[in-house]
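Colleague: First to last, the protein sequences are chains V and R.
The numbers in the first sequence follow this note's numbering, run straight up by one, and end at 295.
The numbers in the second sequence follow this note's numbering, run straight up by one, and end at 1326.
Hints are not guaranteed to be accurate.
[Stated by the list, open to error] Here are the computed lysine-lysine pairs in the DSS-like style, where the Cα-Cα straight-line distance is at most 30 Å:
#1 R:K1240 - R:K1314
#2 R:K1174 - V:K58
#3 V:K112 - R:K1025
#4 V:K112 - V:K46
#5 V:K46 - R:K1314
#6 R:K1314 - V:K177
#7 R:K1025 - V:K177
These are calculated hints, taken from the structure and not from any lab test.
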Amino acid sequence: MNRKVVKEDIDSRIFDAVNMVLLIIFMVIILVPLWNVIISSLSSGKALAEGGFIFWSKEFSLENYRAVFNDSSIGQSFLVSISKTFVGVFTHVFFCAMIGYGLSKRYIRGRKLYVAMGVITMFFSGGMIPTYLLIKSLGLLNSFWVYIIPALFSYYDVVILMNFFRNVPDSLEESAKIDGAGDWHIFLKIFIPLSMPAMATIALFNGVGQWNDFMTTKLYITNQALYPLQMKLYEIIVQSQTQSMQNIGGSAVIETTTKGVQLATIVITTLPIVVMYPVLQRYFISGMMMGAVKE
Amino acid sequence: MNKTAVVPSTSMPPNAKKPMGQRIKDFVIDYKRQWEIQSMILPGIIFMIIFCYIPIYGLTIAFKNYTVIDTLSSAPWVGLDNFKIILSDEYFWDAVVNTLGISFLKLGIGFIIPIILAIMIYELNMGRFKKFVQTISYLPHFLSWIVLGGMLITWFSTSGLFNELLLNLGLISKPSNILLDSGKYWWIATLSDIWKEAGWGTILYLAIMSKIDPTYYEAAKIDGASRLRQIWNITLPNMKSIISLNLILTVSGLLGSNLDQTLVLMNSQNRARAEVINSYVYRMGMTQGDFSYATAVGLGVSIVSVILLVTANKITSKLNDNQSVL
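Assemble the whole structure, with the sequences as input and the hints as a guide.
Modeller: Now the structure itself:
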């Protein structure tokens, strides 16, 4: 008996050791490429052309970043990215919260129909072309509002907020009504402040989505002044791809400069997400769980 | 008490036997009384009608011959003509083969890895290290496909990270641009997707595992079960339903491969193996302006996806003692 326990202990330790080694390998696989991008973006064109470094820069240089910031359109794109993310998140969260609050009241007329309409949108959509035709006929092509208006509503988020509002005790609402408060007043002054955690979660998910979104621009925007960072980066990538294909054996200087600019743009595009990441992390686990709960 | 005064008909059961006129009148009276709260829902309903239901109606152009000069209703009906062309369109079938190829690779490898990873993280005993592993593993999920695409293009380029590694390991003798090699594209698409999402995929599993009653493990330990045995007999059975749910959702999404990924990684050299249905719809519709045809392709794919969803749900509910997960 005693021997068996000791043997178990050794087995268990071997398990722990193997497990740990495998997880460290896994983290290396994730971190090395990211590290490589950061280090490469901080290297001079000459060092980039030589290649051969993975872990540390041979020749530290900010020339790639200088090149990026000299291009004034990058600054413009940054501004577009920031404003569409902020405006988009605030309007989306408010709109979904308002509808979620309304639907959280079981007594309202037509609720069954509204819920059915919402659920259908979770499974069926018109797809790319009919949506494009709609956006076009609404005159939203090449307008900043195409980032905001079609992204106002998501039934998933409405359901999450609706469930959250349900957990707020009824007595709060009743006492406010006795004091003569209307529904809007109760919603804005009582429910919104109480639901900050839920709304923060949705805001963060939506914010990452807005920041990373590129298809909206690709589909509906041709005006360069409205390009967010993601689209700008996409253009740089496509440009360098065609260049490197045309230049096989050709000018290595052009290739390494565009490569450096591309790397620096990648880092700049990702930076806000990485900076926000510690804040995000606190929320997204609970957010995933909320999303998994069905009505 | 006050609440009933505001909404008097709350407790009234819906009475189907009342005449239609009376029911409409009741509805209007209640709606007016609830006006304030209804005014919060109304914008949502209007939004859904415009942005969700009009495009669904717009699917009718799949049965029409829509040109730029037409409006939705003025385009002439052509019946199933667009669908007949699809069947003899070899580019479409190439896209189907690529979509299925990449999706099945993603399903085969990408579905299991998060489960294994979640178990490995769950089995870690050190709190700090565990947290660290989780933080790192979620990170790639937050990079956009454009950012990751840009990274992949530099990593795979002739002087990039991968060629460097392979050269140093002595696996190749001459560097080459891996993304221009169409034979490798399926693997690139699959593995990059796994790299991005594997860690994120563990969140739900870890959340479920944290709810498993620890006394099961204690009892198993007393019985002398090894760690692997405990995983097999306790951890996995407890995750059965969430795994099936995930499987259903993955299977129903088989045909909707990632458009962002394809658009950024596809180039003229690897197109034959990279074009998927979504990017084909994009190309036919948005760049070539063949709206009706592209819509028909999209509609066909959605119908097949719904069939897949229903089938997968049936199969897994059989496996789960006839309890439907959805």
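Colleague: The structure should be examined with respect to each hint, and the outcome stated for every one.
Modeller: These are the hints, each one checked on the structure:
1. R:K1240 - R:K1314: holds, 15 Å
2. R:K1174 - V:K58: It holds: about 23 Å lies between the C-alpha atoms, which stays within 30 Å.
3. V:K112 - R:K1025: holds, 18 Å
4. V:K112 - V:K46: violated, 66 Å
5. V:K46 - R:K1314: violated, 60 Å
6. R:K1314 - V:K177: violated, 48 Å
7. R:K1025 - V:K177: holds, 26 Å
Hint check: violations occur at hints 4, 5, 6; the rest are consistent with the structure.
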